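Engineer: Residue strings, one per chain:
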Amino acid sequence: MSQSSDAGLDPLQPLETLELEPLQTLPIGKQRPEWLQTVLDAWSLRRTKIGLVLFLVLLVVAVFGRFWAPYSPTEFVGPPFSLPTAEYWLGTDFLGRDVYTRVLYGGLSVFVLGIAATVIGMVLGVSLGLISGYARRWVDESIMRMLDVVLAFPSVVLAMLFVSILGPRLWLIVLMVGISHMPRIARVTRAATVDLAQRDFVRAATAVGVPRRRILFREVLPNISSPLLVEFGLRLTYSIIMIAALSFLGFGMQPPSADWGLMINENRIAITVQPWAVISPVILIAALTISTNLMADGLARAMMGIDRTTGTT
Amino acid sequence: MPPLLKLLLIRLGLGLLTLFLVSVVVFAATQALPGDAAKAILGKDSADKVRYEALRKELGLDKPMLSQYTGWLGDVLKGNLGNSLVGGQAKVTELLKQRVINSFVLVSLAALFSIPISIVIGAFSAVYRDSKFDNGMNIFNLTLVSLPEFVIGIILVLLFATAVFQWLPSVSNVDSRAPLSGQMDLFILPVVTLILAVIPYVSRMLRASTIEVLESEYVMMARLKGLKESRVLWHHALPNAIIPTIQVIAINIAWLAGGIVTVEYLFGFPGIGTGLVDAVANRDMPVVQALVLLIAAVYVLLNLIADILTILISPRLRTGLR
Numbered sequence: 001m002s003q004s005s006d007a008g009l010d011p012l013q014p015l016e017t018l019e020l021e022p023l024q025t026l027p028i029g030k031q032r033p034e035w036l037q038t039v040l041d042a043w044s045l046r047r048t049k050i051g052l053v054l055f056l057v058l059l060v061v062a063v064f065g066r067f068w069a070p071y072s073p074t075e076f077v078g079p080p081f082s083l084p085t086a087e088y089w090l091g092t093d094f095l096g097r098d099v100y101t102r103v104l105y106g107g108l109s110v111f112v113l114g115i116a117a118t119v120i121g122m123v124l125g126v127s128l129g130l131i132s133g134y135a136r137r138w139v140d141e142s143i144m145r146m147l148d149v150v151l152a153f154p155s156v157v158l159a160m161l162f163v164s165i166l167g168p169r170l171w172l173i174v175l176m177v178g179i180s181h182m183p184r185i186a187r188v189t190r191a192a193t194v195d196l197a198q199r200d201f202v203r204a205a206t207a208v209g210v211p212r213r214r215i216l217f218r219e220v221l222p223n224i225s226s227p228l229l230v231e232f233g234l235r236l237t238y239s240i241i242m243i244a245a246l247s248f249l250g251f252g253m254q255p256p257s258a259d260w261g262l263m264i265n266e267n268r269i270a271i272t273v274q275p276w277a278v279i280s281p282v283i284l285i286a287a288l289t290i291s292t293n294l295m296a297d298g299l300a301r302a303m304m305g306i307d308r309t310t311g312t313t
Numbered sequence: 001m002p003p004l005l006k007l008l009l010i011r012l013g014l015g016l017l018t019l020f021l022v023s024v025v026v027f028a029a030t031q032a033l034p035g036d037a038a039k040a041i042l043g044k045d046s047a048d049k050v051r052y053e054a055l056r057k058e059l060g061l062d063k064p065m066l067s068q069y070t071g072w073l074g075d076v077l078k079g080n081l082g083n084s085l086v087g088g089q090a091k092v093t094e095l096l097k098q099r100v101i102n103s104f105v106l107v108s109l110a111a112l113f114s115i116p117i118s119i120v121i122g123a124f125s126a127v128y129r130d131s132k133f134d135n136g137m138n139i140f141n142l143t144l145v146s147l148p149e150f151v152i153g154i155i156l157v158l159l160f161a162t163a164v165f166q167w168l169p170s171v172s173n174v175d176s177r178a179p180l181s182g183q184m185d186l187f188i189l190p191v192v193t194l195i196l197a198v199i200p201y202v203s204r205m206l207r208a209s210t211i212e213v214l215e216s217e218y219v220m221m222a223r224l225k226g227l228k229e230s231r232v233l234w235h236h237a238l239p240n241a242i243i244p245t246i247q248v249i250a251i252n253i254a255w256l257a258g259g260i261v262t263v264e265y266l267f268g269f270p271g272i273g274t275g276l277v278d279a280v281a282n283r284d285m286p287v288v289q290a291l292v293l294l295i296a297a298v299y300v301l302l303n304l305i306a307d308i309l310t311i312l313i314s315p316r317l318r319t320g321l322r
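Those protein sequence lines, which keep their order, are chains P and V. The first sequence lines up with residues 1 to 313 when you count with our numbering. The second sequence lines up with residues 1 to 322 when you count with our numbering.
Quick caveat, the hints were computed from the structure, so don't treat them as lab data. A hint or two may mislead.
[Unchecked claim] To give a feel for the contact side, a few chain V residues facing chain P, derived at Cβ under 10 Å: (1) Leu-5; (2) Leu-9; (3) Leu-19; (4) Val-24; (5) Glu-53; (6) Ile-155; (7) Thr-162; (8) Ala-163; (9) Val-277; (10) Val-288; (11) Gln-289; (12) Val-292; (13) Ala-296.
Computed from a predicted structure; not experimentally measured. We put the CB at the ideal spot given by N, CA and C, even for glycine.
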């Protein structure tokens, strides 16, 4: 897609969200917030419910799973690569640690790092998008050109460039994944802001001399909350994919940490002998990214109002 | 100046500007290195002040940063990417030549298969909208889009190379001394992984644009003239539906150039992806710089080509200019 066009250009983005329709809700004082309406609409879709339930189950496993884990994640419980038995339900890994225990421990990092990267990307992207869309002219041009440059680096490659210099630091990985989201989030925000800046209530606020920052955060931001919520969902899926991929490559969580991405890498040499050490984290990562994507897809559909009339997808 | 030419020149200029800024980022990133390249090469020996200063001079690290950058960029443009810091300090271009060829073959094969498959799936989904096929493809696409490509790869390995069937090799250790054509079985799983990762994006885009075109007035006109439905689809609707898809295709081929990192690493395929992983692990900066620059340049160039193609073949852009 064009580097200079404003259409969403991220492959992950459902097509339904590519065109932002003019927002019809007027900012009247006590009206229900726009994003909340989108959430309520999304809830009526089956895919959102499935996604949310799956997501919550995995979240509970990742956060509280450690409390019902039978062993310690770094404890050697048997010979390496043993097949599942009654003692260790999913067998042991390449060092003879319990796979079931490590799976219960290994999700938290994926959640924490994925959410942190998404939040960083949202804060940076939304700020730049608001400024760009409201300021226009050369400020707009230079911000957009700068973001084109970021876009030229695939997320994993961008993160690896900086890891090669500073080493595999978690904050660096999170920051780089966040920065790689920045261009797309900024474009969505900018497109919605440009649209909104022409509206009477924003022009009125400008005319009576409301400070620019207040206009952006009090007038514009609340009215673009729906597309931003959808964007957050999409970016979350993408963050989790990137973080898992970087751990898999050995640049994320470092041994002896239990981490789903790292576990796949550590145990894949014996995939023929003890496949469960690989299959378990693979299934969990797949379930997690599918769940976040289902939620994002539900939100995107709800935002476009496709299903309000028919109630079907 | 004719408006079309002006539009093309502006687009070309923007592409070059992006390429230039990309090179600045890649260069600037290495300046953030704690210590410098001389220290990295010498390791413990950098305590030896005389050798350290001599090497700094040899690498040009004693010059101001701007002249270091212009010197580096000049070398890159001449095709001199420096020497690797690891092993025998071979020339980076020599080191990477075979890897670039291998990855090029991999990406080309993936593009060659995935694009026609996506077009057929997208077109059928649009024509038989909301049918069982369409709904099935929707679920299939939504699932594939969610999965990291290395997870798709692992699932394929489990299914076809190890746990379930043992039909294909699970490791793609291509031998660079033998001709590639004799080792095509090693390409199957990586290529299929990449194909599966690309299909959802392209087919969804094509489905959406085909639906839009099928509802247009000129397609209705073609139908009212009594043309056969297959002719309406293949001759009238699809060529126009493909235009907005060109950019998605370009993005995806560019994405393949970056996405191969995890897939190549998974299969141990000797391409630029594993090259990058190794170089990052060894902190071999000249190799990292060369590969990152290459991958980013591929992205910028493919986008440029897609934009120019779109401008040239879409009548609205060609004639709507004032």
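Engineer: So, for every hint listed, does it hold in this structure?
Structural biologist: Each hint tested on the structure:
no.: 1; hint: Leu-5; result: 17 Å, violated
no.: 2; hint: Leu-9; result: 14 Å, violated
no.: 3; hint: Leu-19; result: 8 Å, holds
no.: 4; hint: Val-24; result: 8 Å, holds
no.: 5; hint: Glu-53; result: 23 Å, violated
no.: 6; hint: Ile-155; result: 7 Å, holds
no.: 7; hint: Thr-162; result: 5 Å, holds
no.: 8; hint: Ala-163; result: 5 Å, holds
no.: 9; hint: Val-277; result: 6 Å, holds
no.: 10; hint: Val-288; result: 4 Å, holds
no.: 11; hint: Gln-289; result: 8 Å, holds
no.: 12; hint: Val-292; result: 5 Å, holds
no.: 13; hint: Ala-296; result: 4 Å, holds
Consistency note: the structure conflicts with the earlier hints numbered 1, 2 and 5.
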